[in-house]
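A.B. asks: Protein chains in written order, with this note's numbering: chain A, 71 to 352; chain B, 39 to 674.
If you're looking for bench data, these hints aren't it; they were derived computationally from the structure.
Worth double-checking, as some hints may not be accurate.
To be verified - Ranges between beta-carbon positions, derived for each pair: (1) B:223 x A:188: 51 to 61 Å; (2) A:211 x B:626: 18 to 28 Å; (3) A:139 x B:650: 46 to 56 Å.
Just so you know, even glycine gets a beta-carbon here, dropped at the ideal spot from N, CA and C.
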Amino acid sequence: MSDVSTAGILAKTIGFSLLLTLVFTLTTLLLPQVEGEAPVEQEVDLSSMTMDDFVVLGEDLFNKKGTCILCHKPPPLGRAPDVQGMNMEAVTKERLADARYKGVAKDVESYLRESMVDPGKYVVAGWGKKGTNDTVSPMPAIDKAPIQLSTMEMDAIIAYLQAKDGIEVTVKLPTPEAAAEVTAAAPASAPAATASAATVDEALAKYACAACHSMTSKDVLVGPGLSDVGARLSMEEIRQSIIDPNAVIAEGFQPAMPADLAAKMTVKELEMVVKYLAEKKQ
Amino acid sequence: MSNNSMQTASCSRLLLWFSLFVALLFGSGGMNLVYAADTGVASSSLQERIAPVGRVQVDGQEPIPQAAVSKVRGEKPELIVAPRPSRGDYPDIGISSRAVVWVLAQMHLFFGALVLAVPLFVLVIEFMGFKTGDERYDVMAHEFMKISLTGFSITAIFGGSLALALFVLYPDFMGYMMHVFGAQWLVYAGLFFLESFFLYTYYYGWNAMRYGNLKWVHLTLGLLLNASGMTIMVLANSWATFMMAPSGVNEVGAVIGNIWEIMKGPLWNPINLHRFIANIAFGGAVVGAYAAFKFLSTRDPEKRAHYDWMGYTSNFIGILAFLPLPFAGYWLMAEVYAYSQQMGITAMGGILAWLFIVQAVLIGTILLAGNFYLWSGMSRTEGSVRYQPLIKYIAFVLVICFLTWVTPHTLILSASEIAELGGSHHHVLGPLGIMPAKNIAVNLMLIATFLSFQLYRRSDKVATVSWARAGNALLVAIYVVAMVNIIFLGVYYGYFTNTVYKVGSSVAQVGSTLVVIVAGIVIDSLMFKNAKTLPSHWGKIPDRSQYALFALPIAFTWLMGLMGYVRSSVKTHWHVYTVMKDNSPDNFIPTIGYAGNMITIVTVLFLLFVLFMFWIANLSATKQPKPVAISEGGVA
Chain A
71 MSDVSTAGIL AKTIGFSLLL TLVFTLTTLL LPQVEGEAPV EQEVDLSSMT
121 MDDFVVLGED LFNKKGTCIL CHKPPPLGRA PDVQGMNMEA VTKERLADAR
171 YKGVAKDVES YLRESMVDPG KYVVAGWGKK GTNDTVSPMP AIDKAPIQLS
221 TMEMDAIIAY LQAKDGIEVT VKLPTPEAAA EVTAAAPASA PAATASAATV
271 DEALAKYACA ACHSMTSKDV LVGPGLSDVG ARLSMEEIRQ SIIDPNAVIA
321 EGFQPAMPAD LAAKMTVKEL EMVVKYLAEK KQ
Chain B
39 MSNNSMQTAS CSRLLLWFSL FVALLFGSGG MNLVYAADTG VASSSLQERI
89 APVGRVQVDG QEPIPQAAVS KVRGEKPELI VAPRPSRGDY PDIGISSRAV
139 VWVLAQMHLF FGALVLAVPL FVLVIEFMGF KTGDERYDVM AHEFMKISLT
189 GFSITAIFGG SLALALFVLY PDFMGYMMHV FGAQWLVYAG LFFLESFFLY
239 TYYYGWNAMR YGNLKWVHLT LGLLLNASGM TIMVLANSWA TFMMAPSGVN
289 EVGAVIGNIW EIMKGPLWNP INLHRFIANI AFGGAVVGAY AAFKFLSTRD
339 PEKRAHYDWM GYTSNFIGIL AFLPLPFAGY WLMAEVYAYS QQMGITAMGG
389 ILAWLFIVQA VLIGTILLAG NFYLWSGMSR TEGSVRYQPL IKYIAFVLVI
439 CFLTWVTPHT LILSASEIAE LGGSHHHVLG PLGIMPAKNI AVNLMLIATF
489 LSFQLYRRSD KVATVSWARA GNALLVAIYV VAMVNIIFLG VYYGYFTNTV
539 YKVGSSVAQV GSTLVVIVAG IVIDSLMFKN AKTLPSHWGK IPDRSQYALF
589 ALPIAFTWLM GLMGYVRSSV KTHWHVYTVM KDNSPDNFIP TIGYAGNMIT
639 IVTVLFLLFV LFMFWIANLS ATKQPKPVAI SEGGVA
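Chain A extracted, bound-state conformation:
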């Protein structure tokens, strides 16, 4: 009895296998091609930020970095109360008055903040962790890993949740000082080259200010001497001349100062340098 051609069988089976593999590959190519990007640190210009911008930032954080939207969806898809669809002022009143409430919040703002950092203080009936009889919340503390929102970012989300209900936004816009604190407290994950200078002398050395400006006299090197700059310019003007050095150029000088200097500085460094220069009045 003659055997069949092994080569022929091999070709058929390999061909069949490759064809099937191709079908699976094509299925993946027909589906939406979305990349899941790692969170990118965004630079926000706090000096020009309005409350409307802050609310928009909060909505963006709610939907993206904060990943709140993964659970807080309208029924029947949600896995947590639909906070976007509720009036948080009315809901907060009810919850703070509930005997099961274990927190210390007094108003909408403090309740929302407390819910984000310690969600177990009040577990909405029906939404607790399975098997805990609504005593344990499945929500992670969002100031901790993996979400790790900063205080400022949580404030933005609170602003958004207040604004969408038309109630008064009680959180304050972040100040540069507060932002500086955030920068200083940030984990040391940033590359060493961008670490914030600890003192003003370090900042001046880091950005080589003295290469063009004398700090101790009025002598002109490349740019004007800065020993009396605090007497000539206000803090705002000094800040502007660093952020946008070519907006106003001192008489008799060429626009030689780097335009991207402020972009390279941290908020803390900028404020330290501005404050230092504003005090130079001799």
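Given the coordinates of chain A, assemble chain B onto it according to the supplied hints.
C.D. replies: Below, chain B alone, put in the same frame as chain A:
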């Protein structure tokens, strides 16, 4: 040189090697000591710093008091947080580091799964042969071992390459993992020696320990081979599950627990179970392809009968292990949700959710191929005519459920199409896109597959017990009630209550499916005890049925690649979830198309290596005929 001096020299060399070995083995302990001393650099004096290392004394100064040494020795080791590498800390080799690790890891896992699974069912088959006295089982078990033997070496080659790639491309991450798992790595490496010992004695001792008490020795070797293999697997699983849900470390990654607390994270056992079952299904499918190829390659009725039986057994192993797999997967996902709801939603409802459409295509392929093979196999027995009319109904249920499963929730449409449709969800088909519909579909598909399997098993038997009629009626009632229950639970709790109840109801659905499977097995075992057996003709099966045995391993391989991608991607931009961020250029979840291409590359590579493995297995049985000498005059 005298004998004595030679012996002394030889002893000295031996001692030197032994010292080197001991130094290497315990090197890390010594390094810890140096490190502990270094941690006090800022505040300690020169003497304090050098003292613990070698108790060196600075020239002209007083000897260092012993107390200084014991103080450092007695210090509690400082907690070391997880590293925070910046992008520049990742070596750039010009191609994606992730892609390199992806291919190597997946190949290692494919072969690892195969060589862990094959000895497992080989041992069971060998035991069956021993108990029944049917030598065919023994021959088949030996053949299964023969064809997978090269797989052990291939697994080791890819494992070594993977380790090398990880150490070179992700040095900080690997440094941290070495620090966390410590001596467990040595245990892992040591187990390979044990596994190799049992593997070779088991395989090469097969014929030497074939009968009587020696067979028990051989079976014990097989058991120990499986025990060492399983231990290797669960140790390696602990690294993967630690990366997903770290335990035994604090929130900045510093080790605060012992090795057991580190290993026994919340996902360890679900992964252990899931991989254990999946490996068996995968292994069964791969050796089934070998049998199918051999079946198609011959016209010899005896060989065809042998390879038909071998293919049937492989398919039986593959599908039987596959049936409980969704339940193990369900447990795993439930634990993922319990550990981190965010991680669970990333997998099931977030960016990775689309992958489950592909998963549906793959599992649908597996179930359809498995069923098709069973239906084709009915042609082997004359008694199958009783059940053949049912096949069209089973096929109908399978196809409807398959289509439901692959129906997407949100359609990708242009603006005009959305306007025409009245939204991105189709008003009739839209509800089929969400999980309750999928749960109904997958449970009914499993029940239909079990029914095919049950009918096949019954086709060469006629029950002789008096209660056969009542037993059949009971079985039909169980099928009907279970199917109605699955549909009711899915529709009512899936569409008319909130998500919490929806998830809860799926447990009851799975329970219904399990009741059918368990009841089916129990009733049939009792009903067909001492049943009349009808003639069965091995080898009498259409050639086209064998392609189902090729479809199974291809779909299984692809499915493993896909689910591995999901398991790894739910960590998003973390090497170790919540404690060590991934700052490499590849710290994003790639598109599903990219993942599809990668999975296809590894599947094709695996196919080529498996062909090599089979070829080697056949090569050992090939003998070149002795050349016939040719005389000078050209006449032999």
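A.B. asks: Decide, hint by hint, whether the structure agrees.
C.D. replies: Here's how the hints hold up against the structure:
Checked against the hint of 51 to 61 Å, the pair residue 223 of chain B and residue 188 of chain A fails, with Cβ atoms roughly 39 Å apart. For residue 211 of chain A and residue 626 of chain B, the hinted distance range of 18 to 28 Å is satisfied, since their beta carbons lie about 25 Å from each other. Under the hint 46 to 56 Å, the C-beta atoms of residue 139 of chain A and residue 650 of chain B, about 49 Å apart, fit the expected range.
The earlier numbered hint that this structure contradicts is number 1, and it is the only one.
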